[in-house]
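These protein sequence lines map, in sequence, to chains A and B. Mind the numbering: the first sequence is residues 1 to 90 in my numbering, read in order. Mind the numbering: the second sequence is residues 1 to 978 in my numbering, read in order.
Some hints could be false.
Unchecked claim - Here are some, though not all, of the chain B residues that point toward chain A, as calculated from beta-carbon distances under 7 Å: (1) 247; (2) 248; (3) 250; (4) 685; (5) 723; (6) 725; (7) 729; (8) 866.
Said to hold, decoys possible - Beta-carbon label-pair distances, calculated as ranges: (9) A:34 with B:670: 22 to 28 Å; (10) B:582 with A:34: 56 to 62 Å; (11) B:880 with A:25: 52 to 58 Å; (12) A:25 with B:846: 27 to 33 Å; (13) B:161 with A:3: 15 to 21 Å; (14) B:7 with A:63: 40 to 46 Å; (15) A:63 with B:261: 54 to 60 Å.
Unchecked claim - Which chain B residues face chain A? A few, computed with CB under 7 Å, are given here: (16) 724; (17) 871; (18) 875.
If you are wondering where the hints come from, they were derived from the structure by calculation, not from laboratory data. Cβ coordinates follow ideal geometry from the N, Cα and C atoms, glycine included.
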Amino acid sequence: MLLIPCPHCRQSRPEREFRHCGEAGLLRPVDPAAASDREWTDYLFARTNPKGESQERWRHVHGCGRFFVLRRDTREDACVTSRAGVEEAP
Amino acid sequence: MIDSPRARAALPLVRFTFDGRAYEGRAGDTLAAALLAQGVRILGRSFKYHRPRGLLAAGVEEPNALVTIDRGAGRVTPNLLATQVEIYEGLAARSQNRWPSLRFDALEINDLFSALMPAGFYYKTFMWPAAAWRRLYEPLIRRAAGFGEAPREADADVYANLYAHCDALVVGSGPAGLAAALAASGRGERVILCEQDFAFGGSLLAERAATIDGEAAAQWRAQALARLAARANVTLLNRTTAFGLYAQNYVCLAQRLSDHLPPAQAKGPRERLWQVRAGRVIVAAGAIERPLAFECNDRPGVMLAEAARVYANRFGVAPGARALVACASDSAWRAAFDLRAAGVEIVLIADARASVAQALQDAARETGVAFELGARVRRAHGRLAVKAAEVEGAGGLRTIACDLLLMGAGWTPTLHLFAQARGPLAWDAALGAFRPAQAREDIVCAGACNGALSLAMALDEGARAGGEATRVHAVAHDWPCASGPVAPVAPVAQGAAFVDFQNDVKARDYELAQREGFVALEHVKRYTTSGLGADQGKTGAINATRLVADLSQREPGAVGLTTMRPPFTPVSFGALAHMARGPLYEPARETPAHAGAAARGAVFENAGAWRRARAFARAGESEPRVVAREAMAVRTAAGLFDASTLGKIEVAGPDALAFLNKIYVNDFSRLAPGRCRYAVMLNEAGLVMDDGLVARLAPDRFHVTTTSGGLGHVLHHMEDFLQTEFTHLKVWLVDVTEQWSCLALQGPRARDILAPLVEGVDLSRAAMPPMSLREGAIMGTPLRLLRAGFTGELGFELYTPARFGAPLWDFLLERGARCGLEPYGLEALDVLRLEKGYIVIGQDSDGACTPDDLGLARLIGASKGDFVGARSLRLPHLASAGRRQLVGLRLRGGSRPLDVGAQIVEAPAPPAGTRALGHVTSSRVSPALAAPVALALVADGRARMGARVFVTRLDGPCEEAEIAAPVFYDPAGERLNG
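Okay, chain A solo, but in the shape it has when bound:
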């Protein structure tokens, strides 16, 4: 069980307090109606699934309830850092 640093609570808490919410950094098209089918399905389904450092959205669902971005190494299953806030353009 991982210890995950919640940037809102400023505490590392056990993984079971959190919920993984998929890849971070996905940008919802500003005007979905104007997005092509390809752009939209890429947003919906295309994921990088990296081996190594991965940017993930997590929610401290049994804690403060807030979302944050966690950098995790998928090879070591080790948390690197986390930050509050929503995705920004890379």
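Fit chain B to the given chain A structure using the hints.
Structure of chain B alone, referenced to chain A:
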């Protein structure tokens, strides 16, 4: 230290039974030590060949001496190690895997035919006929082969759980562990020291000669423990096994609290699971001695050299009278000398190495112990006990009589925890085993488990791991610790030369596996069963690796080890489950009116964590009759349903409207305060996620309901978009499910019943039309009243603060009785909603349905712009023809509902491979229509109205049905407007 018969005789007597016979032991004995002291040589029968087996070891690595301990009803534990079980007055132990007795076991005949039962023989022999496997072969094999019998009664004990944190967790209390705990706690760190044995000290418990810091080892151990015990920052845990190391130094410990006490004295929990988060883990788990593989190396009396030393030095038990030592390591010489000091005659030390340290030879000459270098034991003689051994040396082969044959091929570091943490291992040729390739910052191996076999090295490494910069402990009379490089398995190991004792795997089984093409060690393990079972290859793993390496001409390092998985030693299910048993396994959620429903005969069912009333049975009524009666009561008079399980979310804030317009497909812009609407939400992929009612309390406040099971993911979905996507919207979301009770009063008499009871609300048709919301009071308590329901009748949903749910339930049923009001359950609700074609998300939709598939496209607010899932509805795969659409099915006759999930096809007897048009999602017999009705998802269903289709039956031919609109009762909806 109980290192002499005299010291032993001074200890209190403890009486116990083994297989019904009375024995005497001494306080501080393990069952193994006590039985050994009483001359018992056979403690078990082997797994497959039922060969008589005695003690190989003195600790957790013992593969043979598995026993069942009987502490009364519900307290029978099989497969405990006699080397770990502590005796107490009245202990009742039983041997396993034998019939009728240990000395005479009928299935020992297996051993005679062992040549017919090589590795993999189960797979090859018991092949045909296939049906016989389950009914004949498997039960037979299971009876013949195996360990103890699983208990049949529920576990009568209680178990505890504790979360703990520390700076340093020290695993093992041998010299390295004690030194580490002293050093770390001396620096002020919070330290937990755990020891699987009941006594702290590890190898120090059997140390005769060496001194530490000028003290005898036993004295130093006692002082170290006293110092640790006096420190407030140290927690000492004996009888505690660190069995698993998980991510980020999350370590699980199993602590045995009361099995060492007579049952009458055992108070409190039996075991405790410690879930420890450690800043760093110092693994000082020691090492396990390796056996040699020669023929009949499993006979009772063939023992690991160090085990014999432990029995002699720690328990004062001489494991034999005449010992022959077969070894390739220095430590076995020390065992020989210690045994000699304890009165055991050493007939010969046969060391396979060509040369050994001069000090050893000198010591042997000094004490008159014969030794021979370059000599190997080829075979042990004796069936129920070893009588002699064949030794091959420079002078050829000779047979030497002995009643104790000691083996010592070297040491295997106990790397389980380090390996579980994915610490890298490397082959160490000098050690003849694997050891940690490099230390990790947060997990350090110290002492013998790091390959540091001498006492001085162990203390040094321990102190360093604990934080000392310089050497702090001085050792005198230490012992050399070289071993190998002789292979522990003779080049041609014929016959019964065992590598894995517990699973009866012989050296030649690996040869067979090699011949049959099993190269990877993991495959060899599965084929031969080597390293399986409770033992997990503690004594055999390295010998197996070396054997496979030799057979395949690879380096042992290239062969590697099989994956070491937790637990290190078996852990009871009770400890893992601890408090989470019975009603605490999953706490049930009950509605406020639960007790009231139970008082009226409710039969409950589990719906997620909720307990929901399924039906309200009267004496002698069958369930179909109950359901029909309840449903008809709603159609003809009135019914009361406890809908408190509905998820309820209050959405508030200046942008609440804008937010809901983003989340739901509906456009709520023209939803006035005091009105509500049926609403559907999609996920971003355009698929229906949940439905419910959205009621507007005020311009900036909405009361939103979700399905009973949907609350969690709906709220999560809303929070996700609110926090990370529509961050500009000022909205609060509050889960008020537990705060509001909801009772649904449904039926043509609903208004008559309610009108006299409600204060401040005009219930008349004109003042309160369908889908309206009013606030008032009932029984003097605040009331949110919705004119809505899930039955298609005139009806109301009464929301009151949760604590009024129970009294309101009784109050309404009492006052409504004269109008024919009855409570109804989930089953009747399902009939009522199905008659109306109201869908249940997750039953009639399956996570791949768009609103249009479900006939709900009319809900979509076309002009409101973007909402979650909107763009996806235009994707070709969601907008094209051929999608399955929700339709009704009418049956031509019949009185049985269709099978839910049944396939729908075009022809009555479709050929194999026919693609189904769709499937039945819900089906019930409608009491109002006196006919079965069903909902189904059918490809292009709405274009097939009136078409004849056929529906498969599990128990007979297809049934004919007609595709119809999915509303069977009151299609015009007039009753709603009553």
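Review point. Is the distance from the Cβ of residue 582 of chain B to the Cβ of residue 34 of chain A consistent with 56 to 62 Å?
Key: holds, 57 Å
Classify the hint on residue 875 of chain B as holds or violated, based on whether any CB of chain A lies nearer than 7 Å to its CB. holds, 6 Å
Consistency of beta-carbon spacing, residue 25 of chain A to residue 880 of chain B, with hint 52 to 58 Å: Violated: the Cβ-Cβ distance is about 31 Å, outside 52 to 58 Å.
**Asked** For the pair residue 34 of chain A and residue 670 of chain B, does the Cβ-Cβ distance stay inside 22 to 28 Å?
**Response** holds, 27 Å
Exercise for the section: Given the hint of 40 to 46 Å, check if residue 7 of chain B and residue 63 of chain A actually sit that far apart at their C-beta atoms. Expected result: About 58 Å separates the Cβ atoms of residue 7 of chain B and residue 63 of chain A, which means 40 to 46 Å is violated.
Restraint outcome when residue 723 of chain B is required to lie within 7 Å of chain A by C-beta distance
Hint holds; residue 723 of chain B Cβ to chain A Cβ min 5 Å, cut 7 Å.
- Falls inside 54 to 60 Å, the C-beta gap from residue 63 of chain A to residue 261 of chain B? Roughly 41 Å apart at Cβ, these two residues miss the hinted range, so it is violated.
Once the shortest beta carbon distance from residue 871 of chain B to chain A is found, is it less than 7 Å?
Where the cut-off is 7 Å and the nearest Cβ of chain A is about 4 Å from residue 871 of chain B, the hint holds.
Does the nearest C-beta of chain A fall within a distance shorter than 7 Å of the C-beta of residue 247 of chain B? With Cβ-Cβ at 5 Å, under 7 Å, it holds.
Range hint 27 to 33 Å (beta carbons of residue 25 of chain A and residue 846 of chain B) holds or violated:
holds, 31 Å
Restraint: residue 250 of chain B near chain A, CB-CB cut 7 Å. Satisfied or not? holds, 5 Å
Go through the hint on residue 866 of chain B and say holds or violated, using the shortest Cβ distance to chain A against 7 Å. holds, 5 Å
Against the hints set out earlier in the document, violations occur for numbers 7, 11, 14 and 15.
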